[in-house]
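Novice: Reconstruct the complex from the two isolated chains, following the hints.
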Amino acid sequence: MPLIWLRVAVACYAVGLVYSLLLLSKRGNLLAKVVEPAVGLGLIFHFVSLVEATVLVGHISLVSIHYSESLLAFLAMVVFFVFFVGYRTTTPGIVIFPIVFVLTFTSAVGQQPVALTSPLLRNGWIFVHVVLIFTGYAGLFLSFGASLLYLVQERSLKSKKPTTLLTWLPPLQTIDDIGYRALLFGFPFMTFGIVTGSVLAIEKYGPMFFTDPKILLSFIMWAVYMLLLYTRWSSGWRGRRAAFLATFAFVIAICAWAANNFSRVHRFIPS
Amino acid sequence: MNFVLIGVNHRTAPVDVREQFAIPEARLPEAVRSLAALPGVEEAMIVSTCNRVELLARTSDSHAGCDGFFRQCFGVDPAPYRQYLYEYHDNDAVRHVFRVASSLDSMVVGEPQILGQVKEAYATARAVGAVNSHLDALLTRAFAVAKRVRNETAVATSAVSVASVAVDLAKKIFGNLEGKSVYLVGAGKMSELAARHLLAHGAKPIYVANRTYDRAVALAKKFNGEALVFDQLYETVPRADIVISSTGAPHTIFHKEHGERFLTRRRNRPMFFIDIAVPRDVDPEMNKLDGIFVYDIDDLQQVVSSHVADRHVEAEHAEAIVQVEVEKFQARLQTLDVVPTIVSLQEHLETVRQAEIDRVRGRLGTLTPEQELAVETMTRGIINKIMHTPITTLKSAARESSEVTTVIDLVRRLFGLHDAKPTLVRNHEEANVAAAGKRGASH
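Those protein sequences? They're chains A and B, same order as listed.
For the first sequence, the positions run 1 to 271 when our numbering is used.
For the second sequence, the positions run 1001 to 1443 when our numbering is used.
Excised from the complex, chain B in its bound form (with noise of 0.2 Å):
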């Protein structure tokens, strides 16, 4: 199948070294084009993402090396870089490619964006015609697979993220979010990223309480909230459900008298503070009332790792299911090998049949439907008794990887198909015009 995939990823090399090889959405199309352009490569496509970059081709030469793309894509050996860089070849490359669009070998295992950049990649190189038989069957299993392990497995189930870490607690006690209120007592990044999350799922209000009132009226302006005074936080505090605290205070501000207080003024309906702030805001005493649950940034990241363990777990049973994938791949890209022969054998013999009813068509007169029927299935019968032969003969061979070549060669000279060239190969010819065509446009 001679697939060939050479690239860097982040466990490879350094953000450094990455940012490097990096190609911009707007030079891509025109990288995917050059790769393609490659004499020896049938089909290429380029993903690049923050995370990896990684090239992808169909060569005619099994044996190709892929220094020829690396010179061609960034302009430089590649052998000072050779440390950083990985190479697969046939069934590793297609190991490699499902893995990726899986999400198997991601930073984060199971994150959802790599599936739809492989698309994007995918859909680039086929608007430049660089894609078409091999790589499109690939890539189509390759989303197919990713589906497949996404709903197969828990890979892509639990939380890995601080924030919505605190969603799936919130969600535990409360159920639906929606219209339950947050309030935000100082502000950071992550807790505002929290409270983006909530109000993803649907909680409002939202209130903001800063020692800076103005930087509240900023805060809860682009939330969309309400800015409350922060003097008057203790008795503010009991109407929201949810409690982001995330103060610079040297000690706690929240006790678990005022939980009490709090409790009696909510007439017992539960509490959920998230306090991501360091020092801690809120005294983890607090707890152990009934009805509040207070969660310190800690605790949201012991949940995250014994999350992102389970992923790991669920990972294998994805390897798995990549595994088995692959071995199917590799027997229907051998069909796919056989393919345009008996294409064109059907197409030849298709054109003896037709021409040889037009030349006995005036010797036979005019003829009832009925007869003009009958020469029809008599014809196509007689076609489809020699063909099933060669065609379950070369279909056999696909699955012999040893022998398909020999056959395809011998039915070939058999039938005479030498000049029909297959279409595969002519798809590619007219992808490549286009694409000239495109570029001479464009310059």
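The following block holds chain A by itself, in its conformation from the complex (with noise of 0.2 Å):
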């Protein structure tokens, strides 16, 4: 049953893939008027099916690996939407729907889901690690496409060729504001997701956890987030500088993600 309402949700953040895609091609007022509320139905449909998997396991946990995809992907969007809520802007879609349509697409469709059957997992604590990290995923997600959002519109103001100024971006400014909120957001999430993790694995494993390439990506990761951070409240660091450093976050955001293969202490799968 989960997996019903997961690929009703899957089907209204198609809308929002198909509307992210129209705006890449300058065609985005086609569904502008249907976009927000079809991906705010796959929201609660997504929310049903998180539930419902939850309620069916009987306690809470992270039944699988689909389920913490499906998972990352309602913390994302619940983010877009916090935003949206704020700015009244769908374009940061642009780059959010995209994320969220793949990672609720595999959770959806993929064969045989991993069960994560460690007996680890059935500790709140890590529910609420997974929760807390996501969210400044989620964070770093919006703020990286805000940031390349603010190229191109940079781009189109420096270029001055009429044609190519857009009319469907927000403002400069509305961009940069948020870009620097979605970090601001994100960032106590993703430390204490990182502090809980830490002092679980501590207790588990011993100081020796932090060699874990896992973790050590997630911990840079997170200076690299801190210093994004930094830069920006400093000396007010946007456009190219601030988008590169956004970039390198979230490629080390996605090594991270991926990393969980190679890691004995993230390593829940039984083998």
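For the record, the hints were derived by calculation from the structure and aren't laboratory data.
Just so you know, not all the hints are guaranteed correct.
Stated by the list, open to error - Each computed PhoX-like pair below joins lysine-lysine, with the alpha-carbon atoms no more than 25 Å apart: (1) B:1288 - A:161; (2) A:33 - B:1171; (3) A:160 - B:1288.
Specialist: This is how it looks when you write it as structure tokens:
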């Protein structure tokens, strides 16, 4: 049953995906009116799916890899909506929608979900750790998206070619605000996520956990995250430099996500 | 329908010809009144703006020429001016009125003032009683068409002046202009205009620097801003988000190095330089800095002309809307022709009914309210049944313009409606009497 709801959510998110593709081809107005209710509806179905999956298991737990992908996508959408309410613009979706779609799609149609059976995952604190980290990720995604949009808008303003003045993009300052606020929003989640993770790992593996590649990457990402915030706060870095840093952080985040396979500490799949 | 329109506009006549025909606002009511009083003229109105003077009338004779109006209004013979004049009849006149009201005939297509001017002209004509049924319907429709064009096409959305383009760009950078500071370096008509536009969108405070300090003070006073010393220009410019520069300096005064310093001082908050000076005040290299946007007068002009081109594309959609509306209006007007006949037919039969009821009333004695109602319902029912066919015939005849007069004639003859003049003409006569009364009073 949770899978059916998730698939409905995927269908809704597909509208978002098409919307962002249309925006790229400068024909965004086509779906502008429906994209917001569509992804909103997707979010509701998504929530139902997550809740049902939890109810089926009987306790809060990460059921499978697919479940965690779905959870990450869900949190990214929630953060997107938080900012949508503040700024009334769907344009960051141009980056968020594809990510969310890919994550939910793989978790909705993936063959034989890899079950995470490790008893460790039945610990509620792990779930808290994951939700915190994922929310941090979501903030980073959004900020990354905003910094790309900033570059596009800046370039179009600088080119002075009237035809390239993209009318659908929000003003530069708004994009900048979204990027910065998303970072500010995500940072405490990321920090507490890493703190809870570290505490749990120390408890289980002792201080040696730190040398694990996954953990190292996570710490690097956190450092870049902080650097982003710091440069922004101290000298108001934005535009190209900020976009470069945000991309860097984003790439590390993806690596850290992928590094599960090489991780001892984070390997919950029975081999 | 017999609409006639004659006029000159910015395209057909140079300004020295147009100014000969322009009718000052104070004289307009008088001019409309005398036009409407001409023999054969049923209704009239005059639009007079700096770009056009147009006389619009509905005549009783379908082949009425305009020369008489012309002589009446301007006191000259139209022959020597023939090359500057345009003349439209019926559907072409309707189309022209729609196009003018929708700002498709304007010098700057889509400019918003013309609609207001047409509305004023209409109000003036109405006030002197020169307008009733047909012109009323035409103008009301024209305003609706203008609204449709505005809503359904982008003919009026893009900025087509340097000052409004500057505001648009500033909004693209800063979003809301509320509380964004503006710095005027040097003075000039264009930069003042740009500043005024920015202020109108909420930008403030405004700083002014000029080589002559007194001029800066005078200008600052005008904008309710603050005058700054020109020698401290580079120290004070970083406090502004938007810099409008138009000095008479022979070389650039803002260089890339200045820009870098400004950005450090501003902690990289963006700046927008509007360089209106020729030769330029701002080094174009500065545009390469992250967070500084430089637009010189040519850049702004380029945006303007591309927007103008966009408007012309949109104007084609608008023309299609106008075409459809002209056809619809024509159909409506023809029904308007049969309306007076329908009304007098209804009135006539109602009078007959009332008279008959009054006649038999005495013989019926006292009636209960129910019986009273039954009599009412029955007589009304009979009347409606009788009227049904003639009315539908009239309405369908209205759609076939060729036979409409025959059918109207026939119905009038059959029901003996000869004496009952159409309401439309009656109104017109009353209006004329009222107008004459006013005229008398004003002398």
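Novice: Does each hint hold? Answer for all of them.
Specialist: Hints and how they fare:
no.: 1; hint: B:1288 - A:161; verdict: holds, 15 Å
no.: 2; hint: A:33 - B:1171; verdict: holds, 23 Å
no.: 3; hint: A:160 - B:1288; verdict: holds, 12 Å
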